[in-house]
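Enquirer: Using the hints provided, position chain B relative to the given structure of chain A.
These protein sequence lines map, in sequence, to chains A and B. All letters in the first sequence, in the order written, are residues 86 to 233 by the numbering used here. All letters in the second sequence, in the order written, are residues 86 to 233 by the numbering used here.
Keep in mind the hints are simulated off the structure, nothing from the lab. Do not rely on the hints blindly, as some may be mistaken.
Each pair may be met inside one copy or between any two copies, as identical chains are not told apart.
[Said to hold, decoys possible] In the DSS-like style, the derived pairs of lysine-lysine whose C-alpha atoms are separated by at most 30 Å in a straight line are: (1) Lys143 - Lys195; (2) Lys187 - Lys206; (3) Lys227 - Lys183.
These numbers come from a predicted model, not from an experiment.
Protein chains: 2
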Amino acid sequence: MPAEKEIKQYRNPIPTTDIIIEYQEGIVLIERKNPPYGLAIPGGFSEVGLSLPDNARKEAKEETNLEIMIENEDTPMVFSDPDRDPRYHMISITYIAKGYGKLKAGDDAKKARVYSLDQVKEMIDNDALAFDHAKILMQYLKQRGYVK
Amino acid sequence: MPAEKEIKQYRNPIPTTDIIIEYQEGIVLIERKNPPYGLAIPGGFSEVGLSLPDNARKEAKEETNLEIMIENEDTPMVFSDPDRDPRYHMISITYIAKGYGKLKAGDDAKKARVYSLDQVKEMIDNDALAFDHAKILMQYLKQRGYVK
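Isolated chain A, as found in the complex (with noise of 0.2 Å):
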């Protein structure tokens, strides 16, 4: 898909999807190789032509080498604050799905890594994560009852 090519459009925000990948008891984060730098669930823009779930199925094996089987197709979380991207209004249309497959890093992370979910409440606690990261999987752990 030519992601990479320019055309004139109305001027609407930018699709994204995200990743979070439950694998072996933890999560994926990957620590990203380009700015805004930091811990991040994996993820990218979504392209013309491909599904918002085959995005997230594609993001998901580039960024981690791992294949997922999503659980929340139908009704994703969708979070679209307008400042919650310093770069741009970016929509991040995020999944829940379970990883497949040998974890690795792939080209735009420097490493992907499993982090507890004990782990991953420090790192909101202490502001480790890269954009409204925080925000996404706080929300997460609530729906899944880990924290009221």
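Expert: Positioned in the frame of chain A, the structure of chain B alone reads:
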């Protein structure tokens, strides 16, 4: 918001917000003034600087004159099949809401009317809805338990 201003962007699908407005024992549908013609749930392009729920509230007001209370802000329905709109790859973030106030068609609509759920089911069967709104409304009716 400068939705009409053109800028250069990567080639992304265009996000839109649609709203299933529950009002007086039925659902509000509009008759479209612009192609593609047909009956549709109210909605429109997402604008830079507005969160998607705010965008939905603005579109609902413009097209139906109603104020709305959204019930699924955090986990809306999302439709992203590349072929769902004949014009371009458009993503629909679909909210379910209760409508308040006096129903009146806005600029983009010829008419805005309330249809009973039986009428909606009939329209789905008769292919009377624009875009993939038959699919969207069928998913809604299933969520509500009106159809199996």
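Enquirer: Hint numbers the structure violates, sorted upward?
Expert: none
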